[in-house]
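From first to last, the protein sequence lines are chains A and B.
Residue 654 in my numbering is what sits at position 654 of the first sequence, and the numbering runs on without skipping anything.
Residue 51 in my numbering is what sits at position 51 of the second sequence, and the numbering runs on without skipping anything.
Don't read these hints as lab results, they were simulated from the structure.
There could be a bad hint or two in this list.
[Stated by the list, open to error] If you only want the chain A side, here are some residues facing chain B, beta carbon under 8 Å, derived:
#1 A35
#2 Y134
#3 H168
#4 P220
#5 Q258
#6 G300
#7 Y465
We treat Cβ as the ideally placed atom computed from N, Cα and C, and that holds for glycine.
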Amino acid sequence: MLRINSKEELKALRTNITSKRDLSKPYITICSGTACHATGSDAVAAAIQAELEKQGLTEDVGVRRTGCHGFCERGPIIVIYPGELCYLNVTPEDVPEIIAKTIKENEIIERLLYYDSSTGERIVHEHEIPFYKYQTRVVFSGNLWVDPANIDDYIALGGYQALAKVLHEMTPEEVLEEVKSANLRGRGGGGFPAGRKWESTRNATGKPKYVIVNCDEGDPGAYMDRSIMEGNPHRVLEGLIIAAYAIGSQQGFVYVRQEYPLAVKNLAIALEQAREYGFLGKDILGSGFEFDVKVHRGAGAFVSGESSALMNAIEGKVGEPRPKYTHTSDSGIWDKPSSLNNVETYATVPLIIRKGADWFNSIGTEGSKGTKIFSLVGKVNNTGLVEVPMGTTLRDIIYKIGGGIRGGKKFKAVQTGGPSGGVIPEQYLDTPVDFDALTKLGSMMGSGGMIVMDEDTCIVDIARYFVDFLCNESCGKCVPCREGLKRMREILNGIVAGKGREGDIELLKEIADVMKSASLCALGTTAANPVLSTIRYFSDEYEAHIRDGRCPALVCKDLISFYIDPDKCTACRLCMKNCPEGAIEGDKRVIHVIDQTKCIKCGICYDVCPSKVGAVMKISGEPVPPPIPEAERGIERRKEKGEGRKEEKGEKERGEGKGQKAKGEGGRDER
Amino acid sequence: MVEIDLKRVDEMIERYKGEEGVLIQLLLDIQSEFNWISKEAITQISERMQIPKSQIYRIASFYEAMSLEPVGRHIIQVCLGTACQVRGAPKILDRIEGDLKIKGGETTPDMRFTLKRVNCLGCCAMGPVIVVDGIYHGKITPAMVEGILETYE
Ligand SMILES: Cc1cc2nc3c(=O)[nH]c(=O)nc-3n(C[C@H](O)[C@H](O)[C@H](O)COP(=O)(O)O)c2cc1C
Ligand code: SF4
Ligand code: SF4
Ligand code: FES
Ligand code: FES
Numbered sequence: 001m002l003r004i005n006s007k008e009e010l011k012a013l014r015t016n017i018t019s020k021r022d023l024s025k026p027y028i029t030i031c032s033g034t035a036c037h038a039t040g041s042d043a044v045a046a047a048i049q050a051e052l053e054k055q056g057l058t059e060d061v062g063v064r065r066t067g068c069h070g071f072c073e074r075g076p077i078i079v080i081y082p083g084e085l086c087y088l089n090v091t092p093e094d095v096p097e098i099i100a101k102t103i104k105e106n107e108i109i110e111r112l113l114y115y116d117s118s119t120g121e122r123i124v125h126e127h128e129i130p131f132y133k134y135q136t137r138v139v140f141s142g143n144l145w146v147d148p149a150n151i152d153d154y155i156a157l158g159g160y161q162a163l164a165k166v167l168h169e170m171t172p173e174e175v176l177e178e179v180k181s182a183n184l185r186g187r188g189g190g191g192f193p194a195g196r197k198w199e200s201t202r203n204a205t206g207k208p209k210y211v212i213v214n215c216d217e218g219d220p221g222a223y224m225d226r227s228i229m230e231g232n233p234h235r236v237l238e239g240l241i242i243a244a245y246a247i248g249s250q251q252g253f254v255y256v257r258q259e260y261p262l263a264v265k266n267l268a269i270a271l272e273q274a275r276e277y278g279f280l281g282k283d284i285l286g287s288g289f290e291f292d293v294k295v296h297r298g299a300g301a302f303v304s305g306e307s308s309a310l311m312n313a314i315e316g317k318v319g320e321p322r323p324k325y326t327h328t329s330d331s332g333i334w335d336k337p338s339s340l341n342n343v344e345t346y347a348t349v350p351l352i353i354r355k356g357a358d359w360f361n362s363i364g365t366e367g368s369k370g371t372k373i374f375s376l377v378g379k380v381n382n383t384g385l386v387e388v389p390m391g392t393t394l395r396d397i398i399y400k401i402g403g404g405i406r407g408g409k410k411f412k413a414v415q416t417g418g419p420s421g422g423v424i425p426e427q428y429l430d431t432p433v434d435f436d437a438l439t440k441l442g443s444m445m446g447s448g449g450m451i452v453m454d455e456d457t458c459i460v461d462i463a464r465y466f467v468d469f470l471c472n473e474s475c476g477k478c479v480p481c482r483e484g485l486k487r488m489r490e491i492l493n494g495i496v497a498g499k500g501r502e503g504d505i506e507l508l509k510e511i512a513d514v515m516k517s518a519s520l521c522a523l524g525t526t527a528a529n530p531v532l533s534t535i536r537y538f539s540d541e542y543e544a545h546i547r548d549g550r551c552p553a554l555v556c557k558d559l560i561s562f563y564i565d566p567d568k569c570t571a572c573r574l575c576m577k578n579c580p581e582g583a584i585e586g587d588k589r590v591i592h593v594i595d596q597t598k599c600i601k602c603g604i605c606y607d608v609c610p611s612k613v614g615a616v617m618k619i620s621g622e623p624v625p626p627p628i629p630e631a632e633r634g635i636e637r638r639k640e641k642g643e644g645r646k647e648e649k650g651e652k653e654r655g656e657g658k659g660q661k662a663k664g665e666g667g668r669d670e671r
Numbered sequence: 001m002v003e004i005d006l007k008r009v010d011e012m013i014e015r016y017k018g019e020e021g022v023l024i025q026l027l028l029d030i031q032s033e034f035n036w037i038s039k040e041a042i043t044q045i046s047e048r049m050q051i052p053k054s055q056i057y058r059i060a061s062f063y064e065a066m067s068l069e070p071v072g073r074h075i076i077q078v079c080l081g082t083a084c085q086v087r088g089a090p091k092i093l094d095r096i097e098g099d100l101k102i103k104g105g106e107t108t109p110d111m112r113f114t115l116k117r118v119n120c121l122g123c124c125a126m127g128p129v130i131v132v133d134g135i136y137h138g139k140i141t142p143a144m145v146e147g148i149l150e151t152y153e
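Modelling step: build the complete structure from the supplied sequences, incorporating the hints.
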């Protein structure tokens with residue numbers, strides 16, 4: 001690779017790269033993000049390579065392995081150009097047919113296309129699939145086309161031109177002004193204006209100054225940072241170098257978690273290639289500006305993603321927060337001025353420079369500009385990464401893009417903001433999502449996790465889950481956070497176990513108050529959010545647990561029982577064979593009965609009982625009906641009596657009555 | 001049990017010569033090569049790098065990803081991140097714990113499996129997810145657990 005020494009040379013390089021690319025030639029892109037990797041994209045890629053060789057087509061067909069396309073649920077994904085033909089759930093066995101028909105004959109293979117169950121149509125082009133159609137992909141767009149291991153792909157899309165513009169046409173102050181007037185707010189949690197943060201670091205007196213990328217992504221259930229870092233690392237680097245120039249920093253750090261091996265690997269490749277081209281190092285693009293980047297791997301601890309904790313970790317110390325008597329912009333890493341931003345924040349910067357602050361301001365709401373990437377997961381039909389303009393309603397995200405709730409279930413709530421966020425119930429589905437609207441609802445934007453919950457999710461259990469998570473992740477340094485979380489966990493464990501007491505809710509609120517006002521870092525001050533927001537919107541569910549010993553969602557083990565409806569049991573013996581505790585009695589043509597004293601409520605019988613039969617019931621807050629007398633368990637005999645159970649089974653009566661047993665929960669229809 | 005080759009540890013230390021704040025990086029290197037960090041390795045680091053052992057232990061015990069105990073031949077990670085949680089991850093964990101008769105964080109007496117609970121493996125769309133020796137298994141049900149684990153000796 002040759003070094004690029006000026007803006008003109010960068011332009012020439014881009015022209016050179018694009019002119020060599022024949023856009024009429026067939027091109028196969030294979031998503032190779034972590035999820036597709038997990039579903040077998042390596043095998044698909046190998047099969048494509050082998051088949052092309054076999055057919056002598058390697059020269060005529062291009063192949064590119066890209067980062068995550070966002071629709072991970074349907075991976076492995078391949079997209080064939082020209083024409084942007086999108087095949088989902090591709091297996092190596094499909095490959096010979098794809099080459100023979102689609103590549104050679106231009107013929108579409110219907111079965112591999114997206115099937116829209118609402119219209120009954122197959123959709124050919126990636127961008128027309130509803131999951132993509134309603135998105136506005138700006139920051140995430142490169143992921144569809146770029147091979148993260150090939151810097152030329154990024155350059156072909158105009159990459160590093162923002163950097164060239166900044167270095168050769170703008171003063172650092174002008175860059176600051178541009179980012180400030182774009183009103184870019186941090187995408188990692190707090191939504192603090194990036195331009196202001198940069199400015200205070202620039203104005204701080206200490207030297208040297210540091211700039212840092214936060215790719216810790218501790219929010220369990222969010223993975224957009226990982227996907228950008230894996231799929232388009234140069235966009236993050238370009239943003240980082242621009243920030244460094246604006247701030248006056250020569251040394252950057254990328255903090256990335258070890259549990260993201262592909263991100264670590266692709267970042268290392270990207271850094272090396274950026275150095276070779278001269279986007280990093282001395283005299284970047286012939287401008288005299290010098291800057292380089294070190295990678296620091298972190299080891300998953302949620303609190304280490306907090307800014308001062310992360311800076312501790314970079315110094316090689318334990319990743320715990322520091323007391324903040326001073327701002328990190330004055331005294332961060334090694335007590336030097338340091339500026340930290342999230343991956344997505346940096347990835348947005350090159351776009352703002354290239355397209356201008358006005359363009360950025362034209363997207364979004366009054367207080368939140370631009371787009372935001374959400375990790376739409378949980379009980380929706382289409383799960384994956386979703387980029388939309390700020391201000392898009394929750395309903396549009398969950399129903400138009402997400403395709404609604406799985407298995408025809410009822411929506412209960414959506415959880416946003418990660419462990420320190422909150423739940424939002426149905427009546428607020430039309431809320432336009434931005435930083436301020438979510439905060440007003442008692443939740444927050446956080447890094448963009450959006451976990452959809454249906455009627456089978458117990459809200460109290462979810463609150464308990466988050467408190468448990470935070471309790472484990474609290475570094476224990478300050479008392480309100482450490483002890484407050486422990487107490488909350490105790491109380492919530494009591495409630496889900498049916499040992500809740502009157503006054504528990506008030507006590508939880510009281511603890512929350514103390515934690516909010518007296519904790520050291522934001523983990524502690526926001527830790528009560530999941531509890532407060534669930535109490536705010538679902539106090540009836542808390543009450544049901546506490547007063548009636550009933551779990552309305554039929555989740556809390558201590559409050560539910562499994563019971564086989566003798567009128568529905570066909571004696572197929574499936575549940576008996578699968579019960580790990582031998583708690584089910586029965587035989588051929590003998591109705592099965594659960595021995596409640598042996599049952600550990602693992603729910604396996606419920607999952608394996610054929611959905612057409614649906615004899616295993618979950619009940620809560622009511623006594624288990626006594627087992628039918630042994631003499632009446634024979635199926636023939638009862639039939640002679642004219643009860644004709646077998647004829648009655650069928651889907652119709654399923655899912656009625658208390659919603660106890662609508663179509664399977666968990667595994668049953670997830671497969 | 002995987003013995004930790006102290007010569008290898010020396011090589012790893014050498015790589016960071018002259019750099020500041022490298023302790024966590026070094027421990028991660030050892031962890032990812034041997035899957036655990038032994039007492040001997042910590043003594044070695046302490047001597048070579050002039051860092052008090054207490055400081056090394058403090059870091060190694062702070063991070064869930066670092067293990068101070070030897071681990072089994074195969075490592076199962078069960079994701080309990082929020083996305084997997086709402087899709088039934090606890091039932092998967094229950095099943096594995098029941099089958100192997102160990103709890104999260106423990107190793108079977110025959111050293112066949114170590115079971116780890118993790119928070120989000122970054123492929124939430126496929127939840128519930130478990131990873132065995134680096135191989136991802138997505139959308140799994142309790143009933144699938146046995147079949148997956150069977151394939152590991
Ligand atoms: C407990 C805790 C964990 C955090 N984890 C992350 C994280 O994983 N990634 C991230 O970008 N920000 C995280 N943050 C927010 C950071 O402290 C910081 O505000 C952010 O990285 C700044 O970048 P931004 O302004 O671009 O959002 C966390 C904050 C707290 C209190
Ligand atoms: S699986 Fe269902 S039908 Fe079969 S024996 Fe069990 S309860 Fe009866
Ligand atoms: S819930 Fe589990 S233990 Fe209880 S009867 Fe069903 S399979 Fe057996
Ligand atoms: S990893 Fe392929 S779509 Fe996300
Ligand atoms: S929550 Fe399980 S992979 Fe993200």
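Those earlier numbered hints the structure runs against, lowest number first: Going through the list in order, the structure violates hints 2 and 3 and respects the others.
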